[in-house]
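Participant: All chains should be built: construct the whole structure from the sequences, respecting the hints.
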Amino acid sequence: MWFLCVFYHRLLDFRKPEVEALAELFGEDESLQWRLPEHHHNDTPFHFVQLSSEEIAQNIAKRSILVKGMYELWGEGTCYEELKESIQSFPDSRKLPFLTSDSTFRISVETFGKALTFDEQKERIHSLTYIPFEGKVNLKNPDHNFFLMEMDESEESNGLPPIVQRRIFFGREVGFADRKLLPTFQLKSRTYLGPTAMDAEMAFLMANQANAASGKLVYDPFVGTGSILVSAARFGAMTMGADIDIRVVRDGRGPDCNVWSNFKQYGLPAPVALLRMDNNVPPWRSGLKEIFDAIICDPPYGVRAGGRKSGGRKILRGTVDPYTVPEDKRTGHIPSTGAYSLVECVHDLLHLAARMLVMKGRLVFFFPVLRDECGSEVKFPEHPCFKLVAVSEQILSSRYSRVLLTMVKVGPYSDEVEEAARLMHLEFRENHLKWLEEGNIHSSVFKPSTDSSQIRTESKTFKDPKPKYRGKYV
Amino acid sequence: MRLIMHNMLTCNIKGVINKSPLRIEAEKVIKKEVDFNPDFLRHMLAKIEWKALVDGARSMGYTELPVHAPGIESDEPFLRKFHHALLELNLEEGSLVCQESGRKFPVNKGVPNMLLHEKEV
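Heads up: the protein sequence lines correspond to chains A and B, in order.
Every letter in the first sequence is one number past the one before it in numbering that gives the first Met the number 0, and letter 403, counting from 1, is 402.
Every letter in the second sequence is one number past the one before it in numbering that gives the first Met the number 0, and letter 108, counting from 1, is 107.
To be clear, the hints were calculated from the coordinates, so they are not data collected in a lab.
Please note that a few of the clues may not be correct.
Simulated pairs of lysine-lysine, DSS-like, Cα-Cα distance not exceeding 30 angstroms [unchecked claim]: (1) K313/A - K118/B; (2) K288/A - K31/B; (3) K359/A - K50/B; (4) K18/B - K359/A; (5) K27/B - K263/A; (6) K50/B - K27/B; (7) K288/A - K108/B; (8) K67/A - K113/A; (9) K50/B - K80/B; (10) K288/A - K118/B; (11) K263/A - K179/A; (12) K13/B - K288/A; (13) K433/A - K13/B; (14) K187/A - K108/B; (15) K433/A - K386/A; (16) K67/A - K13/B; (17) K108/B - K263/A; (18) K288/A - K46/B; (19) K83/A - K94/A; (20) K30/B - K46/B; (21) K50/B - K288/A; (22) K378/A - K433/A; (23) K328/A - K80/B; (24) K13/B - K80/B; (25) K67/A - K118/B; (26) K50/B - K386/A; (27) K103/B - K288/A; (28) K18/B - K313/A; (29) K18/B - K103/B; (30) K288/A - K18/B; (31) K263/A - K13/B; (32) K328/A - K135/A; (33) K103/B - K80/B; (34) K103/B - K328/A; (35) K46/B - K263/A; (36) K263/A - K31/B; (37) K313/A - K103/B; (38) K328/A - K18/B; (39) K179/A - K135/A.
Fair warning: this is a prediction, and the values are worked out from it, not measured in the lab.
Facilitator: Laid out in C-alpha cells, this is it:
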C-alpha cells in the first residue's frame with residue numbers, strides 16, 4: 000500500500016534511512032520502494048512510500064523523529080478541480096468506513112512554503128463538501144484526522160534547486176512522530192553533561208537506526224556521559240557502556256551528577272554495566288562473541304576531542320621503554336595514555352563490532368569527513384563482515400561534516416577476520432607516528448583560510464560554484 | 000558491576016594465555032531490582048559462561064543457581080534465579096583477580112577498572 004510520508008524539513012539525509020530502519024524493525028523484510036510527487040526534488044518533505052500495512056505505517060511514524068505524518072492519500076492535484084476528481088475516483092470502500100455517523104473527525108489545512116489566512120483555510124475546508132462526512136467535528140481529539148496540504152512552486156535558493164511544485168494533497172492521517180520526546184530529553188535540562196554529549200534528537204535518530212528495542216542489548220564503547228544510551232534505554236533496550244576516562248564513567252561530577260543520574264532523571268533503567276577499559280586492548284574473555292544486538296557510538300574524531308589509548312606518548316613513539324610502576328605507587332596509579340588516531344580507533348571499533356554483534360546486528364556511528372572537493376568520492380571504513388546500509392550527512396561547518404554510518408553484520412566472525420585484525424593492530428603499534436598523521440582532520444578543520452578564499456569575500460560578483468547547502472542539512 | 004559484565008571480562012595483560020573469567024573478591028555487594036524480561040534472559044543464556052556465573056554468584060553470597068544450566072526449555076523459577084544472579088547482584092567495591100597472573104582489577108563505585116599499566120600492554 001502506498002502512503003504519503005511527510006517529513007519535518009530538517010536533517011534531510013536522515014529522513015529516509017530512519018523510515019527504512021524502522022520498517023525493518025516493524026517487520027518489513029523487503030527494502031522499501033519510494034516515489035516522488037510529480038516534479039518534486041528529492042529534498043522535498045513529501046514522499047510516497049510503499050508499506051505492507053497501515054499498522055506498520057503507524058508504528059514507524061509513532062517511533063520516528065522526523066516523520067511529520069503518514070497519510071493514506073485520498074486525492075491529489077495541481078488545482079482544486081483536479082483534487083475533487085481524484086478524491087471522487089478514490090474507492091468508496093476505502094473512504095466510507097472513516098466517514099460514519101458515529102465517528103468524529105477534523106480537517107486541518109497545512110501549507111508548505113506559503114501562508115493562508117484563517118478565512119482562506121476555512122474556504123478550502125468548505126470546498127470539500129463533496130466528501131460525504133457523516134460524523135461530528137471534534138477539533139481536540141477526533142477519531143479521524145484529515146489533512147489538506149497545499150504548496151506552490153518554490154524558487155531556487157542559495158544554489159539549491161526548487162524542491163516542490165504546485166500540488167495539493169488530501170489524506171487521512173495514519174500516524175505521526177512523537178516530537179514531545181525532544182523537549183523532555185533536551186540536553187539543556189540534562190543533569191550530567193560533557194563537551195561531546197550527543198544532542199537528544201540525534202541520539203534518538205541513532206537509536207532508531209540501530210533498531211534499539213525491548214529485549215535487546217545495546218553497547219556504546221565511547222559512552223562518556225551516556226547521552227546515546229539514554230535514548231536507547233528510552234526505546235526499551237538494555238544498555239552497557241565503556242570509556243577510557245574513569246572520571247567520566249565512575250565519578251562524574253559527584254554522587255548526584257553522573258552517568259547513573261542521567262538515567263534516573265528520566266526514570267529509565269540504568270545501564271547494566273559501565274566499565275573503564277581501552278578499546279585498543281579490550282578485556283573480553285576467550286570464546287565471547289555475538290552478544291550485542293547493536294553498537295551505537297560517536298567515536299572521537301580528533302577535532303574537538305581526541306581519542307586515547309593505553310601507553311604513554313613516549314612509550315608509543317619508542318622514546319622510552321615500557322616501565323614497571325613501583326609497588327608502593329601502584330594503587331591509584333592512573334596509567335598513561337597516548338594519542339589514538341581516528342583510523343586505528345575506527346579499525347578497533349569495526350573489529351569489536353565484527354566479533355561482538357549478533358548476526359544482522361547493527362553498528363551505528365559517526366564518521367567525520369572534510370568538505371573540500373565538490374563531489375569527491377569519500378572512502379568510508381569497510382569490513383568484510385559488514386554491509387553499509389545508510390549514510391547520512393550532517394554539516395558541521397564549511398570545512399567538515401560528520402556522516403552517520405549504519406552497518407549491518409552479514410558475515411560471521413572467522414579466524415581469518417581475527418588474524419587480519421591482529422596484524423593490523425601490530426602495524427598500528429609499530430608505526431605509531433605514521434598512522435597518527437593519516438586521516439588527521441584536526442589540522443584541516445582549524446587551519447587558517449588560504450588566499451583564494453580571501454579574494455572571494457572581497458569580490459561581490461564572484462559566484463561560488465559550490466552550493467553552500469547548509470540550511471536544511473544541518 | 001553486575002555478573003553479566005563480569006562474565007564477559009578477562010585479564011588481557013601481556014603473557015596471559017588463557018583469557019579465562021576472573022575470580023571475584025567481594026567487599027561490598029548490594030542488590031538492585033531490575034525489571035524481569037524473559038526474552039532478554041533467554042538470549043543471554045546462550046552466551047553466558049555458566050561456571051563463571053555460578054562461581055561469581057557464590058562469591059557475592061548467592062548460592063541458589065544450579066550447577067548446570069538447563070537444556071533448551073527453561074522454566075520461570077529458573078529464569079527468576081538466573082535473572083537475580085545476572086542482573087540484580089551488584090559488586091560495588093572489590094576486585095577481579097586473574098587466576099593465572101594474580102593481577103587484581105579494582106572495582107570502585109560499581110565500575111571495574113580494566114586499564115592496563117604501562118608494562119602490561
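Participant: Of the numbered hints stated previously, which ones are contradicted by the structure, given in increasing order?
Facilitator: Hints 16, 23, 24, 25, 26, 31 and 32 contradicted; others consistent.
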